[in-house]
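Take a look at the letters that make up each chain.
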Amino acid sequence: MPFMDYLLLYREKLQSISNQDLDGVIADHHWTIAAFDISFEVLERQHPASANSLEICAFLRNENISFELISRGSGKLLHETNFRYVIPIIV
Amino acid sequence: MRSYSLVRLHSTKGSFSIPPAIHAWLSLRLSIERREEKLWDAIQLIGQFVSSNDNDLGDANIWTSEMQALVHIETCWLHIQAHTEFFSSLGAKNNFDSRMEALGRMAGMFQRQGKWRHAEELYMKVIDTVKAVHGLEHPRALTNMNNLAKTYWSQGQYQEAERLQVLVMETRKRVLGTEHAHTLTSMNNLASTYWSQGRWAEAEKLEIYVMKTRKDVLGEDDPCTLTTMHNLASTHWSQGKLSEAEDLEANVMIKRKIILGEEHPHTLTSIHTLAGIYADLGRWKKAEELGVHVVKGFEKVLGKDHHSTLTSIQNLVSVYTHLSQWEKAEVLGVQLIEKFGRILGQQHPDTLTSGIAVAWIYHQQGRLKEAEDLAMHVIPQMNQVLGPDHPYSVNSIANLAYIYKAQDRLHLAIHTMTKATALFSRKLGEKHPYKLRLVRIKLCWNGRDK
Chain A
1 MPFMDYLLLY
11 REKLQSISNQ
21 DLDGVIADHH
31 WTIAAFDISF
41 EVLERQHPAS
51 ANSLEICAFL
61 RNENISFELI
71 SRGSGKLLHE
81 TNFRYVIPII
91 V
Chain B
92 MRSYSLVRLH
102 STKGSFSIPP
112 AIHAWLSLRL
122 SIERREEKLW
132 DAIQLIGQFV
142 SSNDNDLGDA
152 NIWTSEMQAL
162 VHIETCWLHI
172 QAHTEFFSSL
182 GAKNNFDSRM
192 EALGRMAGMF
202 QRQGKWRHAE
212 ELYMKVIDTV
222 KAVHGLEHPR
232 ALTNMNNLAK
242 TYWSQGQYQE
252 AERLQVLVME
262 TRKRVLGTEH
272 AHTLTSMNNL
282 ASTYWSQGRW
292 AEAEKLEIYV
302 MKTRKDVLGE
312 DDPCTLTTMH
322 NLASTHWSQG
332 KLSEAEDLEA
342 NVMIKRKIIL
352 GEEHPHTLTS
362 IHTLAGIYAD
372 LGRWKKAEEL
382 GVHVVKGFEK
392 VLGKDHHSTL
402 TSIQNLVSVY
412 THLSQWEKAE
422 VLGVQLIEKF
432 GRILGQQHPD
442 TLTSGIAVAW
452 IYHQQGRLKE
462 AEDLAMHVIP
472 QMNQVLGPDH
482 PYSVNSIANL
492 AYIYKAQDRL
502 HLAIHTMTKA
512 TALFSRKLGE
522 KHPYKLRLVR
532 IKLCWNGRDK
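Sequence order for the protein chains is A and B. With the working numbering, the residue at position 44 of the first sequence is 44, and numbering never jumps. With the working numbering, the residue at position 412 of the second sequence is 503, and numbering never jumps.
Isolated chain A (complex conformation) (with noise of 0.2 Å):
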């Protein structure tokens, strides 16, 4: 995506999140969850099952979620190499 247009999305994106009435830990972190969610659309859009286990973590507690427990959990193979491939992505 060309910068500009990547500018402008981000801007689009942190207007609506400031909009909600958002509370918590995530109330000081509009400008990284406006990137987050940039990089996710992506992300569900070309690795949509990673996209999908990131958002069962969300009802796991978010610290040291074990390799094993997502793929014992899911019945398939999931490994370290996995998510390495997603995290530049998601980044």
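Everything labelled a hint here was simulated from the structure, so no lab data went into it. If you're wondering where the values come from, they're calculated on a predicted model, not measured in any experiment. Some clues are possibly wrong.
Distance ranges between label pairs, derived from CB positions [unchecked claim]:
no.: 1; chain 1: A; residue 1: L7; chain 2: B; residue 2: G394; range: 54 to 60 Å
no.: 2; chain 1: B; residue 1: R125; chain 2: A; residue 2: L7; range: 24 to 30 Å
no.: 3; chain 1: B; residue 1: T103; chain 2: A; residue 2: I38; range: 30 to 36 Å
no.: 4; chain 1: A; residue 1: N52; chain 2: B; residue 2: Q438; range: 33 to 39 Å
no.: 5; chain 1: B; residue 1: T103; chain 2: A; residue 2: S39; range: 52 to 58 Å
no.: 6; chain 1: A; residue 1: N19; chain 2: B; residue 2: P230; range: 48 to 54 Å
no.: 7; chain 1: A; residue 1: I38; chain 2: B; residue 2: H468; range: 50 to 56 Å
no.: 8; chain 1: A; residue 1: S39; chain 2: B; residue 2: T155; range: 31 to 37 Å
Note that CB positions come from ideal geometry on N, CA and C, so glycine has one too.
Take the given structure of chain A and dock chain B to it, following the hints.
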């Protein structure tokens, strides 16, 4: 870019973390319907994870990974509780049975990990939901009722456990017949509750029926038949029928050695029971020898930190206590407090009961101040975690009474013992053998007081 990574990998631990703000946003960005759908995906994931453990719980690595997953499962449970419409809207949804199965497995893991209150609440929700859709006689409703009874049993709520177990047993008798494997399992479970209430004759009657039926239906060497024989041996042991208990358990041990192998946890459990019977028969050397053998066996097969290994050490402590070998008992007892505390938490019932066992050892060594301090440290926590009338809590109060007695604080000892017997009556009824023993001791102290 990597330094701003929104998912942090912990390569050495085989895990990853999501920063709190991103984590919170992941669910908030979803519509209510999608949020519920993803929550179900998380529950199914947990259910599948727990189910993949079921066959290997004897494996130390599996046990550790289940303990590590517990915080995530508790978080998922908080999300379920936050969705007030979650259970009431279930009837109309697809995948009802697989979802109920996943929730049941989640509750089962809470039960195994000592999170009894979570297990109890979740089982109740599952039972009510299954009952509303399929009716009371549906196998899943009965299985979950059986498991809920086990949770009550773990918490020392024997009357609630009994009420449910009788209901499950009678329903299974009517629906499946008196010889069906599930009916026999429910009889076995009810017998365990009778046993815990000191109603040994009732336990014995049920166990004899189950043993004979299993012998006829499954054969003498079937593992289920051996389990009932083992339970019956424990009942005979409690009844003081030591030679019958010894014969039966020795028979079980030999068969388990042949069928399951020398190092199978069930074989080791049989050897451990035999050690206890030998201790009561006064064959203390043999008891110690077997007790040490069982600990080494569990350490080798399951690892030093596995729950079964630590339980076997607990039993060895009790053998050393019988043998008045206080130093050995103390070393192992203190190790247990440390290990249980580290692995299961400072307030886990196993950590607390280990504390009381060590207080008793201090008492027997004449280290009365240390005994009193430790007991006074543990008892309030037991009252908080298990409730004041749980048999463990009452037993601890009775132990404290003994400590006061040894300190020549007779009025306080009698007052404390009165409290213990009253609590025992409330939970276990007036006729429980242990309660009657405490009453006799108190009367004896009273006699000396006068």
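Now for the hints, and whether the structure bears them out:
A C-beta distance of roughly 55 Å is found between A/L7 and B/G394, which places it inside the suggested range of 54 to 60 Å. Between B/R125 and A/L7, the C-beta spacing of about 29 Å keeps the proposed range 24 to 30 Å intact. Taken as a hint, the range 30 to 36 Å holds for the pair B/T103 and A/I38, whose Cβ atoms sit roughly 31 Å apart. For A/N52 and B/Q438, the Cβ-Cβ distance of about 37 Å falls inside the hinted range of 33 to 39 Å, so the restraint holds.
Range check, B/T103 to A/S39: Cβ separation about 26 Å, and the 52 to 58 Å hint is violated. Taking 48 to 54 Å as the suggested C-beta distance range, the pair A/N19 and B/P230 conforms, at roughly 51 Å. For the pair A/I38 and B/H468, the beta carbons lie near 55 Å from each other, so the given range of 50 to 56 Å is met. The hinted window of 31 to 37 Å between A/S39 and B/T155 holds, with their beta carbons roughly 34 Å apart.
In terms of the numbered hints stated before, the structure departs from hint 5 and from no other.
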